[in-house]
Amino acid sequence: CFGMRLARSKIHRWGVFATEFIPSKRKVIEYTGERINRRETKRRADERQFTYLFTLDPYWTIDGAVGGSGAEYINHSCEPNLKSRIIKGHILYMSLRDIEPGEELTIDYRFDKKVERVPCKCGAVRCRGTINLIE
1 CFGMRLARSK IHRWGVFATE FIPSKRKVIE YTGERINRRE TKRRADERQF TYLFTLDPYW
61 TIDGAVGGSG AEYINHSCEP NLKSRIIKGH ILYMSLRDIE PGEELTIDYR FDKKVERVPC
121 KCGAVRCRGT INLIE
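Quick note on numbering: the working numbering labels position 31 of the sequence shown as 31, and the sequence is numbered without any gaps.
One should not assume that every hint holds.
To be verified - Below, simulated SDA-like cross-link-like pairs (lysine to any residue); rule was C-alpha separation at most 25 angstroms, straight line:
#1 K83 / T41
#2 K42 / V66
#3 K121 / Y59
#4 K113 / C78
#5 K42 / A18
#6 K10 / T41
No wet-lab data here; the hints were simulated from the structure.
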């Protein structure tokens, strides 16, 4: 819906950056890819170093590495400028606030506190220190 570019990120490897002003509360991009079941999700997560898996519901996951829109490169931040909304089987990333050109697009991955702890390198003032939820 808005101009974006892929570039090196200070957070992690590659990131997505706005190339134009994005107003608050607008659809920015849809997370697309191959729809896979839980068994295939586990297999891919175990065999790949980098995964682009987004859990859609208790049964389905979207693998952004296969037919992804570019949203799979949006990095985590504890103070994100995007939020995800699942609407009728679609994963939409919506802007939480105005986003300026050149700003990196970020989302809070909100990994479950029960899974292996993943350190966070977002650099936010209120960084949790982990991509996982704490409470």
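How the hints compare with the structure:
1. K83 / T41: holds (23 angstroms)
2. K42 / V66: holds (16 angstroms)
3. K121 / Y59: violated (30 angstroms)
4. K113 / C78: Given pair K113, C78 holds - Cα atoms ~14 angstroms apart, limit 25 angstroms.
5. K42 / A18: violated (32 angstroms)
6. K10 / T41: Status violated; Cα separation ~28 angstroms.
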